[in-house]
Every structure is written in C-alpha cells, then in structure tokens.
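Colleague: Make the full structure from the sequences, and use the hints.
One letter stands for each residue in the lines below.
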Amino acid sequence: MPPEQETPNRTIRLSLNQQQLELLDRTVERGPATSRKELVLLALSDAIAQGGAK
Amino acid sequence: MTRTLVSDDILEPGTGKAFELIKGQVMRIEQVKGGQCVDFNAYNLHDYKEFMHCGRTRTVHGFNPSEGDFLWSQPPRENALMYILRDTYGRNDVLFPRCSAYLYESAYGFHDHTNCNDIQAEAQREYGLTPDDVHDSFNLFMCTEVTQDGSATITRQASKAGDYVEFLALMDVLAIPNVCGADIMRTSNFALKPVQITIWEATDEELAAVPKVPVLRSQRTPDQFRNSQIKATRELIRDPGYVPQFTNVPIVETVLDIPLTPELAKGFDQRADRGLYGDDDGAALRDILFTWWEQKFLNAASGAPSLQSTD
Numbered sequence: 001m002p003p004e005q006e007t008p009n010r011t012i013r014l015s016l017n018q019q020q021l022e023l024l025d026r027t028v029e030r031g032p033a034t035s036r037k038e039l040v041l042l043a044l045s046d047a048i049a050q051g052g053a054k
Numbered sequence: 001m002t003r004t005l006v007s008d009d010i011l012e013p014g015t016g017k018a019f020e021l022i023k024g025q026v027m028r029i030e031q032v033k034g035g036q037c038v039d040f041n042a043y044n045l046h047d048y049k050e051f052m053h054c055g056r057t058r059t060v061h062g063f064n065p066s067e068g069d070f071l072w073s074q075p076p077r078e079n080a081l082m083y084i085l086r087d088t089y090g091r092n093d094v095l096f097p098r099c100s101a102y103l104y105e106s107a108y109g110f111h112d113h114t115n116c117n118d119i120q121a122e123a124q125r126e127y128g129l130t131p132d133d134v135h136d137s138f139n140l141f142m143c144t145e146v147t148q149d150g151s152a153t154i155t156r157q158a159s160k161a162g163d164y165v166e167f168l169a170l171m172d173v174l175a176i177p178n179v180c181g182a183d184i185m186r187t188s189n190f191a192l193k194p195v196q197i198t199i200w201e202a203t204d205e206e207l208a209a210v211p212k213v214p215v216l217r218s219q220r221t222p223d224q225f226r227n228s229q230i231k232a233t234r235e236l237i238r239d240p241g242y243v244p245q246f247t248n249v250p251i252v253e254t255v256l257d258i259p260l261t262p263e264l265a266k267g268f269d270q271r272a273d274r275g276l277y278g279d280d281d282g283a284a285l286r287d288i289l290f291t292w293w294e295q296k297f298l299n300a301a302s303g304a305p306s307l308q309s310t311d
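Going down the list, the sequences are from chains A and B. For the first sequence, our numbering begins at 1 and goes up steadily by one. For the second sequence, our numbering begins at 1 and goes up steadily by one.
Calculated from the structure, these hints are not laboratory results. Treat the hints with caution; some may be incorrect.
What the hints assert, rightly or not - Here are the computed distance ranges between Cβ atoms for each label pair:
hint, chain 1, residue 1, chain 2, residue 2, range
1, A, 17, B, 301, 22 to 32 Å
2, A, 35, B, 291, 12 to 22 Å
3, B, 190, A, 17, 48 to 58 Å
4, B, 242, A, 32, 28 to 38 Å
5, B, 234, A, 34, 52 to 62 Å
By construction, the Cβ of each residue, glycine as well, lies at the ideal position given by its N, Cα and C atoms.
Modeller: Okay, structure coming up:
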C-alpha cells in the first residue's frame with residue numbers, strides 16, 4: 001500500500017462569453033462574492049450543499 | 001362608483017365586430033346562451049403593427065390567461081395592451097390558432113363554412129386591415145389541454161349564460177371579438193350562439209387596481225427601428241446596401257481557470273451532469289453556475305420576462 005498522498009488541486013477551464021461574464025459581473029456587484037472566480041466557487045459550493053438531483 | 005355605459009351590442013353567430021376601445025375603457029364579452037367560444041384580436045389603435053401576441057402572453061401567463069393577467073404585444077414592443085379585469089368562467093386559450101376555411105375544407109369537405117380567420121378578416125376590413133393582418137387569436141371560453149404525449153386537444157366547455165370576460169384597455173386599441181365559427185367541433189359544444197359586447201368607462205377604483213408593469217429600455221418604438229418604414233409591396237427584394245448589425249456580435253468566449261480544492265473537486269464530480277456533458281468539466285460547471293444563478297436571482301419563470309415593476 002503506497003503512502004497516502006495529498007490529491008493535487010484540480011483546475012477547470014470555464015468558457016464564458018461576454019454576456020455571461022456581464023451577468024457574473026453584475027451579480028458580483030450585488031455583493032455575494034468579490035470576483036468572478038469567487039462567484040463560481042460559491043455557486044459550486046451551494047450546488048454541492050444542495051445535493052439532490054442534477 | 002358605477003361605470004358609464006359606452007355601447008352595448010350583440011354579435012350574432014358567424015359575425016365579429018371591431019370596436020375602438022380607448023385607454024381606460026372596459027370591454028365585457030358575455031355569454032348570451034352559454035357554451036360559445038369567442039376569438040379575439042387586438043391592435044394598437046394608432047399603429048396596427050403592434051398587436052396582441054399570444055406567444056409573449058403565453059410565456060408570461062401560461063396556456064390559459066385569466067383574471068389578473070395581461071394581454072401583451074409582440075417583441076420588441078412588449079407593452080401591456082389590456083388587462084383582464086374579471087373572468088367568471090376562467091377558461092381561455094392561447095395555444096390553438098384560429099380555425100380557418102382550410103380546416104373545414106380539408107377535414108370536413110366544406111366549400112364554405114364559418115371560420116374564425118375569415119370572420120376576423122371581415123370584421124377587421126372595416127378598419128382597412130387585410131386577411132394577412134389577422135393575428136393568432138386569444139380564444140375566450142375555450143377549453144384546451146396539453147396531453148402527456150405533447151399533443152393539444154379541445155374539450156367541451158361549461159360556460160353559462162351571463163359568464164363573461166372583461167378587458168380593461170391600457171392603451172387605445174382596436175378590439176375585435178368574433179363568434180367562433182366551429183359548430184362541428186367540441187369548442188362551442190357543437191352549436192353557434194350569440195354573445196354580448198358591452199363597453200364602459202372604467203371606474204377610478206378599477207384603474208387604480210391594475211398592477212404596475214415594468215417600463216424598460218428594451219421596449220422599442222418604431223422610431224428606434226433600423227427600418228421603421230412599413231413595407232408596402234408584396235415581393236421580397238434584397239437590399240444591396242444591407243449591412244448586418246446584430247447585437248453583441250461577435251460573441252467571444254473567455255476562459256476562466258477555476259481552481260478546485262480536492263473537497264470541491266469531489267463534490268463537483270458528484271454534481272456534474274456526465275450524461276449530458278460527458279467529460280467536459282467546463283460545460284458541466286457552466287451548467288451548475290447558471291442553474292444556481294436561476295435559483296438564486298431569477299424572478300420569473302424560465303424563458304418568461306419578469307413582471308417586477310421597477311417603479
């Protein structure tokens with residue numbers, strides 16, 4: 001059994017067009033996150049917490 | 001406060017009539033004997049190119065608009081033309097088209113038969129409109145259903161004498177009800193009956209009770225159209241000087257690198273819709289992102305405009 005290794009962080013390349021980015025920027029302005037990336041991570045965290053059907 | 005009567009008419013079977021309904025007036029369409037479907041068209045009285053749009057109305061209010069709903073005009077106008085003030089029966093339809101001569105010839109073998117398209121066209125002709133101008137009808141007192149296999153059906157109706165729908169004009173409109181010509185279908189229980197059309201001035205209380213609707217920059221008027229001239233010839237000829245000016249084109253994608261901790265990556269893999277997106281992590285994450293956004297921030301049904309007033 002090999003010694004347990006720490007799993008490296010994974011990066012997902014998320015393609016968004018200018019309109020989708022505009023929506024993200026306007027959402028960031030409303031305060032739930034401080035950046036686009038933080039907003040995406042918040043969405044993912046919330047979705048994971050919700051669980052249930054995809 | 002009582003209403004002031006403007007006019008009172010009976011529409012006989014096989015007929016329709018165009019009424020000028022001024023902003024603030026109420027039109028009541030009432031059953032005389034019961035069980036009669038009424039097809040309905042409405043135009044901006046001062047610009048017939050703006051008319052009631054069943055598609056827009058359907059996305060906002062569903063297949064059966066009723067009391068408390070609006071009749072919307074088509075994009076890019078998207079104005080509330082009328083408001084349904086009262087509806088005592090509550091079964092109206094924006095799913096089915098008007099019946100036409102073609103229907104009765106193809107399915108029943110009639111050379112001539114009462115039909116809503118021709119009745120509407122004849123009624124609209126009083127105001128210079130042509131059969132091509134008749135628009136998708138708002139079908140009052142019409143019971144329709146969408147079945148699980150996706151097909152739409154018409155069922156019999158149970159409206160009684162005295163049942164009515166009332167429209168309040170939110171702008172000056174030409175309102176054209178017609179007695180549906182379908183006497184060999186379930187639509188009006190296999191018979192044609194007269195209906196009563198009454199117009200009043202609305203009371204102040206009625207006017208004050210209409211919910212506010214948004215007034216948005218995207219609601220364009222003809223003077224904002226790149227081509228604001230109504231085409232007056234029938235043949236379609238290419239404009240050699242045409243240069244496309246589509247909105248936000250080119251659409252350009254930007255890549256955001258989203259780093260996931262091992263814990264988030266594990267959660268993402270459980271959450272990602274692999275059946276739809278396969279191993280495309282970016283597409284799966286985009287879906288999660290915008291699904292979350294809809295749940296969190298969208299204040300209207302998917303695909304429908306919001307009615308949240310900004311004033």
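Colleague: If a hint holds in the structure, say so; if it doesn't, say that too.
Modeller: Tested hints:
no., hint, result
1, A:17 to B:301: 22 to 32 Å, "holds (24 Å)"
2, A:35 to B:291: 12 to 22 Å, "holds (20 Å)"
3, B:190 to A:17: 48 to 58 Å, "holds (54 Å)"
4, B:242 to A:32: 28 to 38 Å, "violated (44 Å)"
5, B:234 to A:34: 52 to 62 Å, "holds (58 Å)"
Hint check: a violation occurs at hint 4 only; the rest are consistent with the structure.
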